Amino acid sequence: MKAVNYIKLEFPGRSSNEALARAAAAAFALQLDPTLEELGDIKTAVSEAVTNCIVHAYPDTVGKIRMRLRVLEGGLLEIAVQDWGCGIEDLQRAREPLFTTGGEERSGMGFTIMESFMDKLRVRSRPGRGTTVVMQRRVRSRAERP
Amino acid sequence: MEIGTAFAEGRLTAYLTGELDQHEARRAMESMDELLEEYLPRDLVVDLSGLRFMDSSGIALLIRLSRRLRETGGRMWIENPAQQPKRVIDTAGIDRLIPVSVRKL
Numbered sequence: 092m093k094a095v096n097y098i099k100l101e102f103p104g105r106s107s108n109e110a111l112a113r114a115a116a117a118a119f120a121l122q123l124d125p126t127l128e129e130l131g132d133i134k135t136a137v138s139e140a141v142t143n144c145i146v147h148a149y150p151d152t153v154g155k156i157r158m159r160l161r162v163l164e165g166g167l168l169e170i171a172v173q174d175w176g177c178g179i180e181d182l183q184r185a186r187e188p189l190f191t192t193g194g195e196e197r198s199g200m201g202f203t204i205m206e207s208f209m210d211k212l213r214v215r216s217r218p219g220r221g222t223t224v225v226m227q228r229r230v231r232s233r234a235e236r237p
Numbered sequence: 002m003e004i005g006t007a008f009a010e011g012r013l014t015a016y017l018t019g020e021l022d023q024h025e026a027r028r029a030m031e032s033m034d035e036l037l038e039e040y041l042p043r044d045l046v047v048d049l050s051g052l053r054f055m056d057s058s059g060i061a062l063l064i065r066l067s068r069r070l071r072e073t074g075g076r077m078w079i080e081n082p083a084q085q086p087k088r089v090i091d092t093a094g095i096d097r098l099i100p101v102s103v104r105k106l
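Those protein sequence lines, which keep their order, are chains B and P.
Per my numbering, residue 92 is the first one in the first sequence, and the count goes up by one each step.
Per my numbering, residue 2 is the first one in the second sequence, and the count goes up by one each step.
Just chain P, same shape as in the assembly:
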């Protein structure tokens, strides 16, 4: 799994690509922690358009990130999940905690 970034006006966008399972999740959490410390963003957008696969390990990562953003008074949302990650997000019901938006690409 790879994480690409874009930062502008206090908003960090993290582009997650590849597959996010338990094997990848710990490294992804560490990378995201480092990015949050480096950029200190007000808002975090997690773009999942390039994520081919995600299981409940990804849910744990997203919940943890949203908690971190809330602690610092920031906002977080998920953008453009592909079909399989979207089904996992819907089943876990985290769209009630973290907004999911689909932007026209």
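Chain B extracted, bound-state conformation:
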């Protein structure tokens, strides 16, 4: 599908950059004229994806995170978040609600929230090589809203 617009952002996986990543995603999504609820959903999904990179992909280092956002035809927003960290051994298990390897500080709800808040979620991961999460959410135009 043809991209109407895009941005690419690369930043170190420091937790202080979580707020930056979701603010950038929200600012980019504004061109689709989303509702406040849609904007909140997009920010939440980005926050979860970036937090996964920081906490799980790079547990002992500050690694590189790349976020690419595209507006596709038909009001489709696509967000890809990529890391070059440790990868996920058991993807199916990682996507189960409440499953976490992060101890008491994590709820194990990250993937569940990304899945619920976006229309599509694809995860590609290779242990030792990294993970890419691609999410899509269709933003309805004002004329389509009830």
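Please keep in mind that the hints were generated in silico from the structure rather than gathered at the bench.
Note that this is a predicted model, so its numbers are computed, not measured.
Be aware that a few hints might be false.
[What the hints assert, rightly or not] Now the in silico label distances, taken between C-beta atoms and shown as ranges:
1. Pro103(B) to Ala83(P): 27 to 33 Å
2. Gly194(B) to Arg71(P): 29 to 35 Å
3. Gly94(P) to Arg236(B): 26 to 32 Å
4. Gly94(P) to Leu100(B): 30 to 36 Å
5. Arg236(B) to Arg76(P): 55 to 61 Å
6. Gly94(P) to Met92(B): 32 to 38 Å
7. Asp34(P) to Arg105(B): 20 to 26 Å
8. Lys155(B) to Glu38(P): 35 to 41 Å
9. Glu164(B) to Gly11(P): 55 to 61 Å
[Stated by the list, open to error] So, partial list: chain B residues that the calculated Cβ filter (under 10 Å) puts toward chain P:
10. Ser106
11. Glu109
12. Ala110
13. Gln122
14. Pro125
15. Leu127
16. Leu130
17. Glu139
18. Thr142
19. Arg197
20. Gly199
21. Met200
Note that beta-carbon positions come from the ideal geometry of N, C-alpha and C, so glycine has one too.
Given chain B's structure and the hints, the job is docking chain P onto it.
Quick look at chain P alone, frame taken from chain B:
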């Protein structure tokens, strides 16, 4: 993120304001632990009316607090979550563990 407090008759109300993500969660957990030790409340109310944003890191914090209160025989509930935190709470299904009430402000 900031935490304001009110305490009366064994009930501690913690007012969480700002944004609660993984960056803020550890400090928030430490602050809440200190408050629980200082006030030794019977009940804990976590007021989220001033919280603009929360992700699953906030869910972990709320579950941990509710566990701590249960251990001491106390109760905990969430009050007045704004739209975005409410959606995260509903999606995570923690309203089954921790009551959520909306008080008219």
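Taking the hints in turn, this is what the structure says about them:
no. : hint                              : verdict
1   : Pro103(B) to Ala83(P): 27 to 33 Å : 30 Å, holds
2   : Gly194(B) to Arg71(P): 29 to 35 Å : 19 Å, violated
3   : Gly94(P) to Arg236(B): 26 to 32 Å : 28 Å, holds
4   : Gly94(P) to Leu100(B): 30 to 36 Å : 32 Å, holds
5   : Arg236(B) to Arg76(P): 55 to 61 Å : 40 Å, violated
6   : Gly94(P) to Met92(B): 32 to 38 Å  : 34 Å, holds
7   : Asp34(P) to Arg105(B): 20 to 26 Å : 24 Å, holds
8   : Lys155(B) to Glu38(P): 35 to 41 Å : 40 Å, holds
9   : Glu164(B) to Gly11(P): 55 to 61 Å : 59 Å, holds
10  : Ser106                            : 4 Å, holds
11  : Glu109                            : 5 Å, holds
12  : Ala110                            : 6 Å, holds
13  : Gln122                            : 21 Å, violated
14  : Pro125                            : 13 Å, violated
15  : Leu127                            : 7 Å, holds
16  : Leu130                            : 9 Å, holds
17  : Glu139                            : 6 Å, holds
18  : Thr142                            : 5 Å, holds
19  : Arg197                            : 5 Å, holds
20  : Gly199                            : 8 Å, holds
21  : Met200                            : 4 Å, holds
The structure shown violates the earlier hints numbered 2, 5, 13, 14.
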